[in-house]
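2 protein chains.
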Amino acid sequence: MPRQRPDTVHAGKAPVGRPPTMPAPRATILGAAAKLFAANGFDGTSLNDVAQAVGVTKAAVYHYFPTKKDIFDEMVVDLLERQYLAVGAAITAAPEPDEKLKAFMQTQAIFFETNYAAFVVMLHGFGGVERNHWTDEQLALRDRFEKLLRSLLADGKAAGTFAIDDVAIAARAVLSLMNWMVRWFRPEGEVRAEDFALQYHSLIVSGLQPRK
Amino acid sequence: MPRQRPDTVHAGKAPVGRPPTMPAPRATILGAAAKLFAANGFDGTSLNDVAQAVGVTKAAVYHYFPTKKDIFDEMVVDLLERQYLAVGAAITAAPEPDEKLKAFMQTQAIFFETNYAAFVVMLHGFGGVERNHWTDEQLALRDRFEKLLRSLLADGKAAGTFAIDDVAIAARAVLSLMNWMVRWFRPEGEVRAEDFALQYHSLIVSGLQPRK
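Protein sequence lines correspond, in order, to chains S and U.
The first sequence begins at 96 in this note's numbering and counts up one residue at a time.
The second sequence begins at 96 in this note's numbering and counts up one residue at a time.
A couple of the hints might just be wrong.
What the hints assert, rightly or not - Think about it this way: if two alpha-carbon atoms lie no more than 27 angstroms apart in a straight line, the pair counts; the simulated BS3-like pairs of lysine-lysine are:
no. : chain 1 : residue 1 : chain 2 : residue 2
1   : U       : Lys-164   : U       : Lys-153
2   : U       : Lys-164   : S       : Lys-307
3   : S       : Lys-163   : U       : Lys-164
4   : S       : Lys-197   : U       : Lys-252
5   : S       : Lys-164   : U       : Lys-130
Claimed, not checked - Some residues of chain U that are not near chain S, with every Cβ distance over 12 angstroms (derived):
no. : residue
6   : Ala-148
7   : Ala-185
8   : Gln-294
Keep in mind that the hints were calculated from the coordinates and are not lab data.
Glycine is no exception: its CB is placed at the ideal position from the N, C-alpha and C atoms.
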């Protein structure tokens with residue numbers, strides 16, 4: 096039977112070196128990898144672990160992502176692009192600076208909780224600080240998001256809604272509150288990330304000192 | 096020469112399996128390991144890397160720390176104990192709640208910068224969130240430090256110095272500002288951690304909303 100190629104003899108079983116048919120393969124692999132990287136770290140997860148979680152061969156994963164780092168890279172770019180769209184839309188819809196800041200924090204928290212595993216991977220997937228694992232594209236997307244917040248705060252300062260000495264420091268403070276959540280927030284807990292964000296918003300707008 | 100034991104024949108040269116003479120061996124190993132773990136993560140560092148950095152054999156490191164995790168554990172306990180003493184002394188010396196909060200943030204930042212590598216290891220040495228790498232002793236020390244801050248804020252609330260809805264949330268906000276520094280602060284930069292902490296203190300005490 097010369098016309099039947101060896102790698103298609105066993106229909107329904109994935110031949111070595113060829114990807115099996117699966118719906119939305121890239122998204123499926125990214126989703127499984129996010130959970131594994133989030134739980135055990137980038138270094139603590141192998142491409143084989145990812146393949147097993149998806150239920151395909153390692154070769155099938157290789158077909159879509161030649162290296163583990165390619166999975167990380169696509170996950171982060173996808174996350175940052177969707178975050179910018181979601182949070183950007185929310186602040187555009189809010190009428191004035193304080194409402195925009197509230198929308199920024201609230202929407203970011205909802206987005207964070209909805210995409211919890213990928214966030215943990217992005218912000219806490221690697222141990223150590225000196226490994227240069229962010230690409231220029233990712234750094235540019237991250238900076239674009241930070242600029243969205245700085246611009247919102249600067250507008251609020253110009254309008255007299257906010258009294259801010261240093262917009263960059265204020266933006267960093269807001270992002271610190273949000274980002275540190277990857278270290279203590281538990282999706283299975285009783286309080287939603289959005290509720291913590293609203294409490295933080297109140298706190299940072301009012302300050303600890305009583306208003307006279 | 097039956098009275099001379101084989102492992103002491105070569106005086107001045109470290110025999111395999113026996114530690115060489117070095118001053119303050121535990122502190123020396125912890126210091127070298129802190130830098131390596133901070134740069135490359137816990138998983139990205141081997142006991143052999145640590146031995147090479149100290150300039151001894153792997154067996155010499157084993158003599159003091161049977162596993163890599165033992166190094167991490169002693170590093171974190173030591174750090175948390177010294178942090179509690181340093182920050183505790185500073186807030187005891189400060190006269191009233193707002194000065195105490197300022198002392199807490201300022202002293203913690205100085206302590207963080209002085210012990211930068213060990214802090215990075217403690218807060219960002221491992222990738223992923225589900226690895227249960229903190230011992231009960233470490234968790235108790237961490238909680239003791241957080242209680243120090245909560246108690247300070249609660250005293251300030253009772254005295255009318257602070258208007259705080261939820262002391263736990265306010266404490267978490269302060270710690271988020273401080274802890275996220277492990278991800279962006281660069282010791283080689285121009286601004287000291289202490290100066291960032293003082294700006295954060297001002298920001299969180301006054302709030303973004305202008306004071307009438």
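Going down the list of hints, with the structure as the test:
1. Between Lys-164 (chain U) and Lys-153 (chain U), the direct Cα distance comes to roughly 15 angstroms. Compliance with the 27 angstroms bound is thereby established for this hinted pair.
2. Only pairs whose Cα atoms come within 27 angstroms are accepted, and Lys-164 (chain U) paired with Lys-307 (chain S) is rejected, the gap being roughly 52 angstroms.
3. A C-alpha spacing of about 26 angstroms is found between Lys-163 (chain S) and Lys-164 (chain U), which places the hinted pair at or below 27 angstroms, so the restraint holds.
4. With a C-alpha separation of about 25 angstroms, the suggested pair Lys-197 (chain S) and Lys-252 (chain U) falls inside the 27 angstroms cut-off, and the hint holds.
5. For the hint pairing Lys-164 (chain S) with Lys-130 (chain U), the CA-to-CA distance comes to about 24 angstroms; that is within 27 angstroms, so the pair holds.
6. Every beta carbon of chain S lies more than 12 angstroms from that of Ala-148 (chain U), the smallest distance being close to 14 angstroms; the non-interface claim holds.
7. Under the 12 angstroms C-beta cut-off, the non-interface status given to Ala-185 (chain U) relative to chain S holds; the minimum distance is some 18 angstroms.
8. With a cut of 12 angstroms on Cβ distances, Gln-294 (chain U) falls inside the contact zone with chain S, its closest approach being about 5 angstroms.
This entry does not satisfy hints 2, 8, going by the numbered hints stated previously.
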